[in-house]
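These protein sequences, in sequence, are chains F and Z.
With UniProt numbering, the residue at position 109 of the first sequence is 109, and numbering never jumps.
With UniProt numbering, the residue at position 321 of the second sequence is 321, and numbering never jumps.
Bear in mind the hints are in silico, worked out from the structure with no lab data behind them.
A portion of the hints provided could be inaccurate.
As the list claims (entries may be wrong) - Listed below are the simulated SDA-like cross-link pairs for lysine to any residue, each with C-alpha atoms no more than 25 Å apart in a straight line:
| # | chain 1 | residue 1 | chain 2 | residue 2 |
| --- | --- | --- | --- | --- |
| 1 | F | Lys312 | Z | Arg255 |
| 2 | F | Lys327 | Z | Ser278 |
| 3 | F | Lys295 | Z | Ser278 |
To be verified - Simulated coverage check for chain F against chain Z, where a stretch passes if three residues somewhere in it have a Cβ under 8 Å from a Cβ of chain Z:
| # | stretch |
| --- | --- |
| 4 | 72-86 |
| 5 | 273-279 |
To be verified - One side of the interface only, derived from the structure: several residues of chain Z facing chain F at Cβ under 8 Å:
| # | residue |
| --- | --- |
| 6 | Ala26 |
| 7 | Gln27 |
| 8 | Leu75 |
| 9 | Asn256 |
| 10 | Leu281 |
| 11 | Pro282 |
| 12 | Glu284 |
| 13 | Asp295 |
| 14 | Phe297 |
We treat Cβ as the ideally placed atom computed from N, Cα and C, and that holds for glycine.
So you can see what is in the structure, the chains are spelled out below.
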Amino acid sequence: MAASTFCFALSPLSKIKCNVNIIYTLNKRTAFSGGLSKIKGVEKQVAALPERSSQGPRRPRREAGEPRTERMSVDQDWTAVYPTAKSFKQNAVPLPVRMGYPVKRGVPPEKKGNLELIKIPNFLHLTPVSIKKHCEALKPFCTEWPNALDSDAKCEEHFPIQVQSKDFVSAGPSLRNPKARIITLTVKLSSLNLDDHARKKMIKLSGERYNKESDTLTITTESCPLRQQNYDYALYLLTVLYHESWKMEEWEKEKTRADMEEYVWEDSPSQKNILETLLRMHAVEKCEEDGGVQKELLGRPEVEEYKDSVTKLKNEGENECNIQQYKDAVKKLLNI
Amino acid sequence: MVPSKETESMFHTEQQVGQYYTIPSAQLKKAFPNGLPRRFQMQIKTFNEACVMVRQPGLELISYLKRADYAKPALRYILFGEVGCGKTMSLCHTLHFCSTQGWLVLHVPDAHLWVKNCKELLPSSSRPTRLDQPIEASQWLKNFKITNEHFLSKQIKTTRRYIWTKRESTEEGRPLGEMVDHGMSRVKSSSDVVGALLRELRLQAGGATEDAFRLAVAVDGVNALWGKTSLKKEDKSPVSPDDLTLIHNLKKMLRNDWCGGAILTTLSQTGSLFKPRSAYLPTELLGEEGFDNMDPFVPIPVSNYSDKEFESCYLYYMDRNWLQHPHSRTEEGRKELLFLSSRNPSILERLCSFL
Chain F
1 MAASTFCFAL SPLSKIKCNV NIIYTLNKRT AFSGGLSKIK GVEKQVAALP ERSSQGPRRP
61 RREAGEPRTE RMSVDQDWTA VYPTAKSFKQ NAVPLPVRMG YPVKRGVPPE KKGNLELIKI
121 PNFLHLTPVS IKKHCEALKP FCTEWPNALD SDAKCEEHFP IQVQSKDFVS AGPSLRNPKA
181 RIITLTVKLS SLNLDDHARK KMIKLSGERY NKESDTLTIT TESCPLRQQN YDYALYLLTV
241 LYHESWKMEE WEKEKTRADM EEYVWEDSPS QKNILETLLR MHAVEKCEED GGVQKELLGR
301 PEVEEYKDSV TKLKNEGENE CNIQQYKDAV KKLLNI
Chain Z
1 MVPSKETESM FHTEQQVGQY YTIPSAQLKK AFPNGLPRRF QMQIKTFNEA CVMVRQPGLE
61 LISYLKRADY AKPALRYILF GEVGCGKTMS LCHTLHFCST QGWLVLHVPD AHLWVKNCKE
121 LLPSSSRPTR LDQPIEASQW LKNFKITNEH FLSKQIKTTR RYIWTKREST EEGRPLGEMV
181 DHGMSRVKSS SDVVGALLRE LRLQAGGATE DAFRLAVAVD GVNALWGKTS LKKEDKSPVS
241 PDDLTLIHNL KKMLRNDWCG GAILTTLSQT GSLFKPRSAY LPTELLGEEG FDNMDPFVPI
301 PVSNYSDKEF ESCYLYYMDR NWLQHPHSRT EEGRKELLFL SSRNPSILER LCSFL
């Protein structure tokens, strides 16, 4: 604004060479608060050659009117002030916000002319009221939640497979986001129709993807470029796992003790030990041994108790309580 | 709580938990040539007496031994607990009881010593795949002889002929003492001698004859038998415990296929190899294999001092003028000791030695 007027004023004067020098010297000394210098009776402004500070504007400067905040009532409609995402406008937000590093022995700078407040993203367009309005606007496009599914348990029961996908919205040159193709499929194994062998095989096949505590199998697919393809792939994987775990292969008969997931007491070294011990103890009392004696020995309640305590120790890990139980069982068994 | 001076471990009962009893020094040298924990041995030297506290695990074990039927297969007991809470001391208390009752005590003071830091490893003469440890074996035979002198010279005889080398053998019917002497002098075949000795004792314990004896097999640090060793063969491959003759024979001893005695063991993390310091439960230290081998056993937990026991220990140290620092004799000092040691016997002992 001011610069353009200078140029305008300068061009007819440039021919007046003798005045140029005077203009220069005058330039450096003159202050600019409304300074108009009169050289040869010509009213003109001081020349706008490369200077550090700008002159007062030629046009009368308009005073800033009162900020809009003064005229806002307490119960106004805020969604009208910020209908969409806009940068922070200090004269439109009636809050006395302060932001920035405090001046020495002072407070953070106020909102007027505060670049920090403008730089950051704000959510003034997403107040609860506006969100309610959005929801109201979306309602005609929605269908009702089915009445029969009023609890989480029922949802689980009727829809055991849950598929999660993510959508990304960002302001940028392209709408696409490669992370949007990932699909996560979770299902609880208890809701699938699996027998004991199938369940163990499924857990072994899924490996890392199975969570023991919550009994969920989680399949995450991201190998295909499109979301639809990933979804189909995830369902395919689930189907294959299910059918494969029901099949019984030839080589599965060679499963050894080391492969077993949990401790089984039958045929374990512990069972053999206890049988031998009991046989020896009874061989001292009566001098006969039968094949049937074994079964009878195993059927006794003390042996049952012993078996329970050993299984518990091995499967659940050790703690004081388990060991005490084991101790009691052994004492009863060996008649201490 | 005044520490009492009962010397007969036969008569210790529940009422005497927390009280001290002295082992007369003559019995001490005989029963424990090397069996007591090192710090306790130093304490004996300092105080000129061996005072052992009567504690609940020891009493429990002794009561089981009193009530057991020795015609049946040997029962196995495992003392377990955190580091420094008195497992070895309880074992020694029980062994003293056994030796006063006239049992034959087979004490392996620390099985971990047999699986690490072995200076000489010889390939075994009797079996080519195994390795002998002559130094450890002869040391142990010496201690065994001191403990069980009277058994060896008189009562027990060998049941068959043992051939040690081409020229040396022990005939049938000779007293066991001769075999032991042979093992001590001929160091090379000492491991085999140990094996033969164990076999003989197994066969002859608890017989029906009048000179039958009861056998107490005590192994401290039994988890060493199923862990890993830190020894290496000449071609730098690691040695597993089964490759060592001594360990192999000892494992045979721990099986409950013989009658007339008891097997008392403790688990120990202190000397163990490749086990974390916080491990103290049986399965952690024994491992799967160890547990399956020792099963069924009676686990006996050993815990830190109770209030009464702590009080008793503190009074004992005061009584012996062991606590020199004036502050330690006050009530405040006692509370500090209680807090710092958190009632752990070994930590308390170490703390008091500074005062």
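Problem - Hint check, Pro282/Z versus chain F [nearest Cβ-Cβ separation less than 8 Å] - result: holds, 7 Å
Exercise for the section: Identify whether the interface hint at Asn256/Z stands, where standing means a beta carbon of chain F within less than 8 Å of its own. Expected result: holds, 6 Å
Problem - Hint status (Cβ of Leu75/Z to nearest Cβ of chain F, threshold 8 Å) - result: holds, 6 Å
Practice task
Answer holds if the nearest beta-carbon of chain F is closer than 8 Å to that of Gln27/Z; otherwise answer violated.
Solution key: violated, 28 Å
Problem - Hint check, Ala26/Z versus chain F [nearest Cβ-Cβ separation less than 8 Å] - result: Status violated, d = 33 Å.
Handout entry: Restraint satisfaction for Leu281/Z [CB to CB of chain F, less than 8 Å]
Key = holds, 4 Å
Problem - Residue hint Asp295/Z, partner chain F, criterion CB-CB below 8 Å - result: holds, 5 Å
Exercise for the section: Go check the stretch 72-86 of chain F versus chain Z for me, would you? Three or more residues, Cβ under 8 Å, otherwise it fails. Expected result: n = 0 at 8 Å, threshold three: violated.
Handout entry: Restraint status (C-alpha distance of Lys295/F to Ser278/Z at most 25 Å)
Key = violated, 41 Å
Handout entry: Outcome, coverage of the stretch 273-279 of chain F by chain Z - at least 3 residues whose beta-carbon is closer than 8 Å to one in that chain
Key = With 4 residues in contact (Cβ-Cβ under 8 Å with chain Z), the coverage given for the stretch 273-279 of chain F holds.
Practice task
Given the hint that Lys327/F pairs with Ser278/Z, test it: the Cα-Cα distance must not exceed 25 Å.
Solution key: holds, 22 Å
Exercise for the section: Please work out if Lys312/F and Arg255/Z have their alpha carbons no farther apart than 25 Å. Expected result: holds, 24 Å
In this structure, the hints that do not hold are numbers 3, 4, 6 and 7, in rising order.
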